[in-house]
Amino acid sequence: MSVAVIGSSGGGTATLGHTEAAELLRTIHEELRKVEDAVGITNAIFVSLHGGKGFDSASDTDTAMLYSAKGDCSVELMKTGMLKDVNKRCVELDQELAKRISDGEIQGLICISCDVDLHASTLRAAAATKIPVTGSGGTSLSAASSRFGIQLVGNAGGSVATTSYTRAVSYTYALATAWMKKYHALSSTGQKPQVTSVLCACLPAFWAVALTCRVLKLLMRSNLNWWPESCLFLLQTHALPTVCSVITATSLAPQHGSTVSMSSAIAS
Numbered sequence: 001m002s003v004a005v006i007g008s009s010g011g012g013t014a015t016l017g018h019t020e021a022a023e024l025l026r027t028i029h030e031e032l033r034k035v036e037d038a039v040g041i042t043n044a045i046f047v048s049l050h051g052g053k054g055f056d057s058a059s060d061t062d063t064a065m066l067y068s069a070k071g072d073c074s075v076e077l078m079k080t081g082m083l084k085d086v087n088k089r090c091v092e093l094d095q096e097l098a099k100r101i102s103d104g105e106i107q108g109l110i111c112i113s114c115d116v117d118l119h120a121s122t123l124r125a126a127a128a129t130k131i132p133v134t135g136s137g138g139t140s141l142s143a144a145s146s147r148f149g150i151q152l153v154g155n156a157g158g159s160v161a162t163t164s165y166t167r168a169v170s171y172t173y174a175l176a177t178a179w180m181k182k183y184h185a186l187s188s189t190g191q192k193p194q195v196t197s198v199l200c201a202c203l204p205a206f207w208a209v210a211l212t213c214r215v216l217k218l219l220m221r222s223n224l225n226w227w228p229e230s231c232l233f234l235l236q237t238h239a240l241p242t243v244c245s246v247i248t249a250t251s252l253a254p255q256h257g258s259t260v261s262m263s264s265a266i267a268s
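The sequence shown begins at 1 in our numbering and counts up by one.
Hints were generated in silico from the structure; no laboratory data involved.
Just so it is clear, CB atoms sit at the ideal spot from N, CA and C, and this is done for glycine as well.
Do not rely on the hints blindly, as some may be mistaken.
As the list claims (entries may be wrong) - Below, a list of computed lysine-lysine pairs in the PhoX-like style, where the Cα atoms sit at most 25 Å apart:
(1) K79 to K99
(2) K79 to K34
(3) K130 to K217
Stated by the list, open to error - Derived DEER-like restraints, expressed as beta-carbon distance ranges:
(4) E96 to L199: 27 to 35 Å
(5) T242 to V195: 56 to 64 Å
(6) T80 to A208: 25 to 33 Å
(7) L186 to C213: 33 to 41 Å
(8) S74 to K130: 23 to 31 Å
(9) M78 to V39: 34 to 42 Å
(10) G81 to L219: 56 to 64 Å
(11) I266 to T212: 19 to 27 Å
(12) E36 to A267: 29 to 37 Å
(13) T139 to S197: 40 to 48 Å
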């Protein structure tokens, strides 16, 4: 099962990772590979504005970046320039993608805040071949559905307050359900880090704490009226557990980003 992605970074800026096109596409690709018989993203056309600007206030002269992906989700920055020039190139790529869909090479389509005029060829081909379409960006999906009659699946809607990972899971589940394939959401396509590698990553923190504790103990022996004893207690009971917890969590689940870092810090 091959999937294509079309879209942009969207109109608003209340979405975590909305400007990281390469990260978003790779995250979606890794989730799709957890579906039975799915190969992930084989084609992508994604436009992002420079500086994280939203498309709601965009003009034709704004700087934009056009990303594409082929094969095993090999993401490439194809063009950087004014939005109007990037859009012209986007239309050309869209026509190529539409042909691949018509030829039966694509079995699923993900639309992320896509411009229905720029991607008219792809959406028309998706409707004609009746492949399942999911995505986010309520306004664009509504327009695509009413104008082209695409087969919309899943809980397709807005992307406000979402992350790259949560969106990837939503898209993948929707397509897996439409294909009637098993989605092994809790499995991992990558190799888990070894305990020794995690501990090695914690070594700088151990060295810093050990050296600081040694200095504080020397200050305590000098009978200075200072606060080394309380600092020593905090370092010994809080610093290292927190560091080890955060590093372990981010090593095991990097796809969750800041969410897992905050959770692990609180849990420690």
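task = Tell me, in ascending order, the numbers of any earlier hints that this structure violates.
result = Checked against the structure, the hints that fail are numbers 2, 3, 4, 5, 6, 9, while the rest are satisfied.
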